[in-house]
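Trainee: Each chain is listed here by its residues.
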Amino acid sequence: AQKVTQAQTEISVVEKEDVTLDCVYETRDTTYYLFWYKQPPSGELVFLIRRNSFDEQNEISGRYSWNFQKSTSSFNFTITASQVVDSAVYFCALSEAYSGNTPLVFGKGTRLSVIA
Amino acid sequence: NAGVMQNPRHLVRRRGQEARLRCSPMKGHSHVYWYRQLPEEGLKFMVYLQKENIIDESGMPKERFSAEFPKEGPSILRIQQVVRGDSAAYFCASSLRSANTGELFFGEGSRLTVL
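Going down the list, the protein sequences come from chains A and B. Read in order, the letters of the first sequence correspond to residues 1 to 116 in this note's numbering. Read in order, the letters of the second sequence correspond to residues 117 to 231 in this note's numbering.
Possibly wrong hints are sitting among the right ones.
Claimed, not checked - With a straight-line cut-off of 27 Å between C-alpha atoms, the simulated DSSO-like cross-links for lysine-lysine are:
{"no.": "1", "chain 1": "B", "residue 1": "K178", "chain 2": "A", "residue 2": "K38"}
{"no.": "2", "chain 1": "B", "residue 1": "K187", "chain 2": "A", "residue 2": "K3"}
{"no.": "3", "chain 1": "A", "residue 1": "K108", "chain 2": "A", "residue 2": "K70"}
{"no.": "4", "chain 1": "B", "residue 1": "K178", "chain 2": "B", "residue 2": "K143"}
{"no.": "5", "chain 1": "B", "residue 1": "K160", "chain 2": "A", "residue 2": "K38"}
{"no.": "6", "chain 1": "B", "residue 1": "K178", "chain 2": "B", "residue 2": "K160"}
{"no.": "7", "chain 1": "B", "residue 1": "K143", "chain 2": "A", "residue 2": "K70"}
{"no.": "8", "chain 1": "A", "residue 1": "K16", "chain 2": "A", "residue 2": "K108"}
{"no.": "9", "chain 1": "A", "residue 1": "K3", "chain 2": "B", "residue 2": "K143"}
{"no.": "10", "chain 1": "A", "residue 1": "K108", "chain 2": "B", "residue 2": "K178"}
{"no.": "11", "chain 1": "A", "residue 1": "K70", "chain 2": "A", "residue 2": "K3"}
{"no.": "12", "chain 1": "B", "residue 1": "K167", "chain 2": "B", "residue 2": "K178"}
{"no.": "13", "chain 1": "B", "residue 1": "K160", "chain 2": "B", "residue 2": "K143"}
{"no.": "14", "chain 1": "B", "residue 1": "K167", "chain 2": "B", "residue 2": "K187"}
{"no.": "15", "chain 1": "A", "residue 1": "K16", "chain 2": "A", "residue 2": "K38"}
{"no.": "16", "chain 1": "A", "residue 1": "K38", "chain 2": "A", "residue 2": "K3"}
{"no.": "17", "chain 1": "A", "residue 1": "K108", "chain 2": "B", "residue 2": "K160"}
Said to hold, decoys possible - Stretches of chain A that chain B covers, calculated by requiring three or more beta carbons in the stretch to come under 8 Å of a beta carbon on chain B:
{"no.": "18", "segment": "10-17"}
{"no.": "19", "segment": "55-63"}
Derived by calculation from the structure, the hints in this document are not laboratory data. For glycine and all other residues, C-beta sits at the position ideal for the given N, C-alpha and C.
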């Protein structure tokens, strides 16, 4: 069965520090998708990235970067030069391509607080 | 706004009352999913519907909860005889294609408070 573990419950950093949010997943499928979502204090879910299991290339988008490593079943998310607006709960999620209909399984989230 | 629309955004009910949450998917999307987020928890899958059909309800409590997605109109998540433990944020998502590709677009959620 699919499972997503975000071991860090809460992280606090000072503005301009870099921070990495960890995500470890479990799946029996060879084809799957990994996601990160941001949930700011206002409560909505903001899509950040989707990565399929065949693409292990790391991705950078502005201050955000993602490190996908199949060997360790990890899909970590780094924010460079953090800002107060980055304060939010971040969720990692997994979708198996062929095993049933459940579209997304979420981790419990990591609450990031960026202090000015 | 062509996104997933949920209403109401906030709903307060007393124990024993009924709660109805509505979700209008993105235009052209016929697949709808409901997730529940308990306080300080991640999102838990509840139910997956296609127009007029329930595809997967493995995450939905067997009693008091029901969901529908009629041919016309929004998807409805109905909670009968609410209890305090039902207090949560309920998120709806929609997709163009079937599940497992993961292309889900989420609404802003409906926050239910049971007094």
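Trainee: All hints, please: hold or fail.
Mentor: Tested hints:
no., hint, result
1, B/K178 - A/K38, "violated, 31 Å"
2, B/K187 - A/K3, "violated, 34 Å"
3, A/K108 - A/K70, "holds, 21 Å"
4, B/K178 - B/K143, "violated, 30 Å"
5, B/K160 - A/K38, "holds, 16 Å"
6, B/K178 - B/K160, "holds, 15 Å"
7, B/K143 - A/K70, "violated, 35 Å"
8, A/K16 - A/K108, "holds, 26 Å"
9, A/K3 - B/K143, "violated, 31 Å"
10, A/K108 - B/K178, "holds, 24 Å"
11, A/K70 - A/K3, "holds, 15 Å"
12, B/K167 - B/K178, "holds, 21 Å"
13, B/K160 - B/K143, "holds, 25 Å"
14, B/K167 - B/K187, "holds, 6 Å"
15, A/K16 - A/K38, "holds, 19 Å"
16, A/K38 - A/K3, "holds, 19 Å"
17, A/K108 - B/K160, "holds, 9 Å"
18, 10-17, "violated (count 0)"
19, 55-63, "violated (count 0)"
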